[in-house]
Amino acid sequence: MKTFKSWFLAAAGLSLATAVQAQGPAIIYDVGGKFDKSFNEAAYNGAEKFKAETGIEYREFEMQSEAQREQALRRFARAGHNPVVMTGFAFATALEAVAPDFPDTNFAIIDMVVDQPNVRSVVFKEQEGSYLVGILAAMASKSNKIGFVGGMDIPLIRRFACGFVQGVKATNPDAEVFQNMTGTTASAWNDPVRGGELTMAQINQGADVIYHAAGGTGRGVLQAAADAGVLGIGVDSNQNHLHPGSVLTSMLKRVDVAVYNAFKDGTDGDFTTGFSVLGLDNDGVGYALDENNADLVTDDMRMAVDSAAEQIIAGKIAVHDYMSDESCPVM
Amino acid sequence: MTFEVILQLFDSSLRLATPFLLACLAGLFSERAGIFDIGLEGKMLAGAFCAAAMAAISGSAWIGLMAGMGISVLLSALHGLASITLRGNQLISGVAINFLASGLTVLVGQNLFRLGGQTPQLKGNARFSEITLPFADTLRDVPLIGPVYHDLISGHNILVYIGLAAVPLTWWVLFRTRFGLRLRAVGENPGAVDTAGVSVVRLRYEAVILCGILCGIAGAYLSLGTSAAGFVREMSAGKGFIALAALIFAKWQPLNALYACLLFGFLEAIGTKYQNVDVWGLFILPVQFMQALPYILTVVILAGFVGKAIPPKAGGQPYVKEE
Chain A
2 MKTFKSWFLA AAGLSLATAV QAQGPAIIYD VGGKFDKSFN EAAYNGAEKF
52 KAETGIEYRE FEMQSEAQRE QALRRFARAG HNPVVMTGFA FATALEAVAP
102 DFPDTNFAII DMVVDQPNVR SVVFKEQEGS YLVGILAAMA SKSNKIGFVG
152 GMDIPLIRRF ACGFVQGVKA TNPDAEVFQN MTGTTASAWN DPVRGGELTM
202 AQINQGADVI YHAAGGTGRG VLQAAADAGV LGIGVDSNQN HLHPGSVLTS
252 MLKRVDVAVY NAFKDGTDGD FTTGFSVLGL DNDGVGYALD ENNADLVTDD
302 MRMAVDSAAE QIIAGKIAVH DYMSDESCPV M
Chain B
1186 MTFEVILQLF DSSLRLATPF LLACLAGLFS ERAGIFDIGL EGKMLAGAFC
1236 AAAMAAISGS AWIGLMAGMG ISVLLSALHG LASITLRGNQ LISGVAINFL
1286 ASGLTVLVGQ NLFRLGGQTP QLKGNARFSE ITLPFADTLR DVPLIGPVYH
1336 DLISGHNILV YIGLAAVPLT WWVLFRTRFG LRLRAVGENP GAVDTAGVSV
1386 VRLRYEAVIL CGILCGIAGA YLSLGTSAAG FVREMSAGKG FIALAALIFA
1436 KWQPLNALYA CLLFGFLEAI GTKYQNVDVW GLFILPVQFM QALPYILTVV
1486 ILAGFVGKAI PPKAGGQPYV KEE
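Residue numbers (my numbering), protein chains in the order written: chain A, 2 to 332; chain B, 1186 to 1508.
If we strip away everything but chain A, and leave its shape as in the complex, we get (with noise of 0.2 Å):
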């Protein structure tokens, strides 16, 4: 009896121990899920080059469905793991009311601003990026028709889209974009065949260069206009590969960036918090030149986007924020 009750003991012990020993870094993918080959894959590809570097071992967890956000997050924070990264604009609910629970635990989210002090919000200026990539599809366009395909309905996709018209009408002010979105609820970032038909619908319409940012719906989206023979024009990830020579570029994003910064910050015992704003002047955006889409990409246009990178680093294009007063000057 004696010794069961000291080897309880000792386990209770132990268990108490692991509860408050600080555990590796944790992850939370959106509900697009973690292999979308966009925005959720750009962070599971930072964390697996933070995995690969320092050899530490990280928790991760595919949201399947609304209600596990916040039951998600206390369950890293409970377990000791610092930091817990999350990707995506929709936790910022969750975190608010997780964050303070927590005080000794550092968050990193991503794609939104969650004002607590242990919060690192990371954000991006998806409208230079997209800018970018609107002036490749103004000159590669022949129609001067040109697509955009959104994911779910919210400012962030808008700022997407006010960025692209913005450097299409700057390329060329007669070209024309269609805008769709493909639903107002999160599983227009899971909806392939809609995708799909929205696209077919804004090539009959002429559209020959089609622009998404939808996560994975747009796995759709490029398969549409590949069969079409028309160029497409990846998001968040290098999605080049995905039709090699119907991919025109993508707009990268990078989330791997964050991600790893956020791991490594948080291991490292420098992590800071508040705002952390990613855009061309420090590589957070860019676009994708690679050998898949080099022959798409002729000397000319990539004058025209280095300049133009150049430009706005040096703060002589200004590139409109949609999110800044929720209205765009093009649209």
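FYI, nobody ran anything at the bench for these hints, they're computed from the structure.
In this text, all values refer to a predicted model and were calculated from it rather than measured experimentally.
Among the hints, erroneous ones may be present.
[As the list claims (entries may be wrong)] Okay, the calculated bits of chain A under chain B, using three or more residues with CB under 8 Å as the criterion:
| id | segment |
| --- | --- |
| 1 | 194 to 205 |
| 2 | 222 to 229 |
| 3 | 283 to 296 |
From the three backbone atoms N, C-alpha and C, an ideal C-beta is built for every residue, glycine too.
Given the coordinates of chain A, assemble chain B onto it according to the supplied hints.
Here is chain B on its own, set in the frame of chain A:
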């Protein structure tokens, strides 16, 4: 609205109506034989997954289609076992199949491909590609008929045509063959069929297996015949339930089923194409309303606004031989 725009809208309707149509005809066979089937959704989903998985592994869309039909028939047989042989509640068995498919597809998919429950993007022969019907290009310039034939009728993949062909075929089987007569009788008055010396159990199994085959094709269409080009989780997105509503709307008649499904496809196409509709400058119909149209129609139909829909009399009741 120009003629061209209308054609594009109908073209899109036809593509979107195909999965409804195949699932609706599947339900028609089952329910005409007296077996309610709310597992259409799950069978479609499982069919979509198996079709995509086998197409990804084998590289052939046809092998994928066979696999999709196979798993769907298997689930149908399970539904048959529960509701015909074991005389269980048909609705509960159907719900169980939906849950089973929803969970198993992601689980097996994750274990097979390690892509979070998706299948790899399918390319080339692993998908059903568009077919240009004969003379489509030569007839293109003929006024009126040319564009209709070229843009609307030609240029779909084979499964769309299979779906359309299944309508007269279903009608012929149900209303012009001895098998069809017995199948309908077994849904109305199984006792009479039994008295005539025909096996009720056997006929009902045959009906659910036909249902499985058609559901499998519907599922394969989702993953192999659309621009999804592969499986993503929950990709059936309630289409099986809409097909069920269309079946009631169609009053269990094959030709009506075609019209009902085309209507649902048309509403979905409108919701996709016109996102915010300005009604004569008075007010704007928001995108949420446009995309909810098929569901609103479903509710209206189920509330009984389309006249009395009388289901097969013996529907939902297990057949017990008299002592």
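*Of all the hints given earlier, name the ones this structure violates by number, lowest first.*
3
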